[in-house]
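Chains as they are written, first to last, in the working numbering: chain A, 43 to 543; chain B, 257 to 594.
Among these hints, one or two may not hold up.
What the hints assert, rightly or not - One side of the interface only, derived from the structure: several residues of chain B facing chain A at Cβ under 8 Å:
id, residue
1, Ala442
2, Gly466
3, Ile467
Hints in this document: simulated from the structure, not taken from any laboratory. We put the beta carbon where it would ideally sit given N, CA and C, even for glycine.
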Amino acid sequence: MVIGGRLWCALLLLAFAAWGQGDGAPAESLEERVKRLEERISQLEQALGLAEKRLQAVAEGTGGPEATTVNLDAETTVSLDKVALSKLAKVDELDQQIRVLARLRELDQESAALRARETPQTLTGVDGFGFKSADGDFQLNMGGYIQADGRAFTGSGSSQVDTFLLRRVRPVFQGVLYKHVAFRVIPDFGEGKAVLQDAYLELRYFPRMSIRAGKFKAPFGLERLQSGTDTMFVERGLPTDLVPNRDLGIQLAGNLVSTRLSYAFGVFNGTPDGGSVDIDSNSGKDFVARLFGTPFSGRGRLSFLSGLGLGFAVSSGTQDGALPSFKTPSQTTFFSYVSGARAAGDRRRYSPQAYYYRGPFGLLAEFVRSNQTVENGGTSSVIANRSWQVAGSYVLTGEKATFQRLSPQRVFDIGRRTWGAVELVARIGQLNVDPEAFTLGFADPAKSAARARSWGAGVNWYLNRSVKLSLDYENTKFKGGAAGGDRESEGAVFSRFQLVF
Amino acid sequence: MKLQSKPAIAAIALILGAGQSVFGQKPVKLLNVSYDPTRELYQEFNAAFRRYWKAKTGVDVTIQQSHGGSGKQARAVIDGLPADVVTLALAYDIDAIAERAGLLPRNWQTRLPHNSSPYTSTIVFLVRQGNPKRIKDWNDLVRPGVSVITPHPKTSGAARWGYLAAWGYALRQYGKDENKAKEFVARLFRNVPVLDSGARGATTTFVERGIGDVLLSWENEAYLAINELGKGRFEVVIPSTSILAEPPVAVVDKVANRHGTAQVARAYLEYLYTPEGQEIAAKHYYRPRYKEITAKYKDRFPEVDLFTVDEMFGGWQNAQKKHFDDGGTFDQIYSKGR
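Excised from the complex, chain B in its bound form (with noise of 0.2 Å):
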């Protein structure tokens, strides 16, 4: 190639430079795609670690959110929704993740403390202030007129711990005669009119289109249901048992790494376990993994005795295969039932 007039150099110079300034330096961008109710917590606990990134390294790191429900976030982070981390209801979703595209390893789950959950919750029940059906426990759930709102499992996290929860329940009930814990959860189902995509919607058709008697809701959804959406509305009705849930995060190495933003990345989410993060998670009502906040914040979150999937159903893997998969014992009774 003859370039071999000099203004010709010079105005190429003038433009390289140019795109020199479009190309600016940009601030780091994460994009966590979440469930549906930790808006308010990744709000707030989003602020705190651009606060702390700034501070430690001078970079401003901006976090968009993606809320929905946990399984359809799943399947949008497959199809290449690219997040940077994932901060989901249950480990299936993740492993569904590692799985089907191979966004990250296997062993994710052993790459930050507490198999990955910085934070725990358990399925309580939300009732209207005054418990006018006398809601008390999980058997008053199938009572004939009892009207029960809770999302679809297929879709949303918190709607396949409360069904497993209710499972459980039955379980320890009629001394693991798993017959009568299907009939126990297709009664509870026939009691559901309404099958919201993810929790918050399950919580909009409770608290505010005025349906059903009961809503199946997180621990944090409920409290935020009372404190936000209707004080002196609504009461929250602690169930003799439940389940624990150990909603886990994880970063997604490909999407992150292929964005350049591993390493924040690792550092957004191991800052959940700071004494910041963990305070954070409290106040909006997830129960913290440290015992000091957790002590700090102990009427919040009374004694429950809860059981974990693993003991009960042995894994998730095992829990999805049998209740929500395709065919599942979720798809006998609920198409039985309807």
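Here chain A stands alone, though its shape is the one from the complex (with noise of 0.2 Å):
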């Protein structure tokens, strides 16, 4: 016990004391010296065992001596009456009770962070609001981003007018069941209109592997798969035309190679280039595949290559019926086939795409081919539509670029006077209709141009992760499209406003 220890302390100390009398005797031989030692240990030991039976009497209340006396030695004694004994005993069961409130305080603690680890918590933060399962096997989040845009045109181009709009206002639902069950709802009331954007759920029970079934963005476009939060320009640029967006369908898609190297394809409903469909109007197919890697991420030796990214998609199938059009960064219509003219068969997508990033600085690059077997009045035959596009970013601020969502690195606060994060960016693309789609009565060049290239810059500026102001100007130049010749060629300004949350 305690006190036992103490008083054990308290007796050494005197006996030590009273041994060390004795420095003026004749030197003793060591023998001599352990064999005095052990001698009064033994007699410390005595005393020690009295001590405490006479300790122990007077914290039970039993009786015992008035006073005791402990003799260390001949010379040293030490006497312990009934008062000093009680305040000893007092001093152990205050020293108990001590040890008791520490402890019951402890095991207040972790009773606290047990109940903590069983009860659901609440998510609040940039990315949303939710809730979330003590254990995290179920978990829902809401979020969503709002862009209000506005466009002005310049030039006789362009057939749009200058225009303030509700580009894209998406809440976004998504969460987690049973672990591996993962699911998102992504409603759209841009433009005045309600779309279903994302319905999807996805089967996560393999760490290399989900499968996803749903309606969401079919595997192929590089620029097209980036969220359109996180796109360099307020409107994508000319490739898009020609990469199916959103389609119904199954996707098994995951990473390999820690994480280098992702993978993706799927069964789809199929949908014309740039199209997106909940609907489909025949039974064919199409079969996307896509693989993407990083082959020198997390390499030492090569960092300079870590932020390059390598891609190729592929996208097959036999469609019938609808055709798409084509439109400007401005989104303006430039393409259109003829009333008439219809899908008849195999379609046929190919992309290689790459981006770079390193430091402020970022490229993407992607290449589509779309063919399409068309027919209209008997007259089939396959149309071979190309685009590219080059896109650049610097981030002027120091933040590092990245195909998500920037993060300034000091939001934008003008009390301590940090501004946010600011990116310039510039573009150039082109998108090519086969010449045949004019030749064989498939388009009007009266109306629809044979080549768009376009060209833009602009600045992004973040105010924190949450909120992005844009200002871009798009210049896009025709070759045909209009009675006699060229169309003229447009010019656009646009404005955003975008939050996320």
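Both chains are given apart, each in its own frame, so use the hints to dock them into the complex.
Below, the structure written as structure tokens:
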């Protein structure tokens, strides 16, 4: 017991003090000193035993002598009267009470920590709001984004009107059930319409493969697969005209080689180039597959290539029915097939694609070729349309450019004189329509252009991770598309206030 | 569906092939949900069983352990902790899993020898070196000034065994007078300053935090405390009488069937009854069922006058209902005594 320990120490100190008084004695041999010490320890043990018994009697209130005298040796005596013993017992009792209180507090803290682990959590932050079960197996997140745009057109090449519009108003509901079943639902109320953009469930039972079914982006175009909140420009470039948008189907996807290689393939209803569909108009299906790798990520020796991503996507299917129309980045339709023309057979697309991010610099490039069998009035042919773009960005404020949303190092705060992040962007792109589309009468050269070539430049200001302001200028030149020559070039200024939560 | 593209079909076949390798056969996994002081026992036992099962079937088996107060562990299994097997402190806790969650049949205790209890134990006293409070038997625990450490009977199997051991002692002392037994146990719990949720926590309170004069402890836990936590600091005191604790084991059928582990789970528990399993139990101070092993380790297990729950309390169901259910005698004496 504690009291025993204290008493033992006290007695030892006294004993050694007493022993020290004999310094003037003749020198002893080591053996004699050890022997003398052993005798002293034996005496002390006897004294301690006696004292503890007396103390015990006092503590238990069962009487005992009025005083206890403990003889350490012939010269040293320790007297412990009943009051002293009682006080020592009291000290022992208080010591125990303190220990009990400390332990109770410890148990309370353990219990609180356990309760915290078992209590569902509320999630709040820049990525939305939600709830999570204590074990994380069940989760619901609610977020969304709003894009309030302004568009102004210059020159006479566009039929568009200057306007403000809500380009995207998309609440995002996503979550996890039973740890491995994820879901995501995104309606869109932008531009005065109600559209279901995404609605899918995903089984994540295997570490390297997930199975997704529902409506979502087909795994094809590089810029198309980038979130609409993260693109460099307000609107995507020309190649997006040739790639499928959201489609209904089932997809297997995952990461291999320590996430350096991602794969996805799926079977979909099939959409025309650039399109999204909810209802299939034929029994044909598109098979879409994509491999994308970042082969140098995490490699120390080639760290300057760690931000390089290379990929290739293919799609193949047989489709009858609707054909696409193509828009400039300013959202002006510059090509459409004549009425009566229809998709009538094989459709194949392929797209090599790449990006490169290093420090504040970002580069994105893709090429798309889309071959579609088209038929009109008994004439049938494969129409091969092509498009490419190269887009670059540079973050003036030093943040790292990324394929995902940029995070400012210092959020905009007037009081602290911090201004967020500023990014400059530029791009060039082109879309070529197969000349046979005109020579075979599938398109009207007086109304549809055979080529669109655009360039753009802009600036993005990220006040914080949630708010982004954008200002772009896009210029598009056309080949053909007007009676007797080329359609007039189009200039457009885009602005966007974007909130993501 | 028309998939007319040969590359498409080839790609599907390729990815499905990759998927096969992704799905590659995994070693069998078992979760053993057990009570507090069996950590060391099952660490050694699991290693032995892994070797045995690999040699017998060629299959690797991974066994995960979960430990806590026995009652608490039973509630966790009822609430969804996916135990393939349970090895708890008392039959009532496994009964609760069978009755409330229906995860195993109510006759689970008949499926293995000795009422599905492969080893036994009892409750002893752990005191500080030199036994300064001169604690020899149960009646010393009710003396004023003696501080007793025991876990909470609502959550801990050891605590319930200890509580019933004290009650049984009092019944014998006072001619089966229930009121006097109740008063005796009430006095004992008035000397308890802290109630941990499990036996291991109570050992921590006594050994590491230096609280109390005596720990009511599983026999194996007491020796573990001496051997591993404080050699020369503690002594075991065997009371004149105590209770025969029979910690039971069972396969949780519905979980094991769902996991496809029923066969290995059964073999796991049956292995406890083999000489190897019994030897490991004895090494960890659990009293083996088989005489040969008991004889080999007789120095470890002094003779004690042990009574059973059945003979003293009419079985665990009765004991639980009378003493530990809400409003039972424990609630009466503990709330009254605080």
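| query | Which earlier hints turn out false for this structure, listed by number in ascending order? | reply | 1
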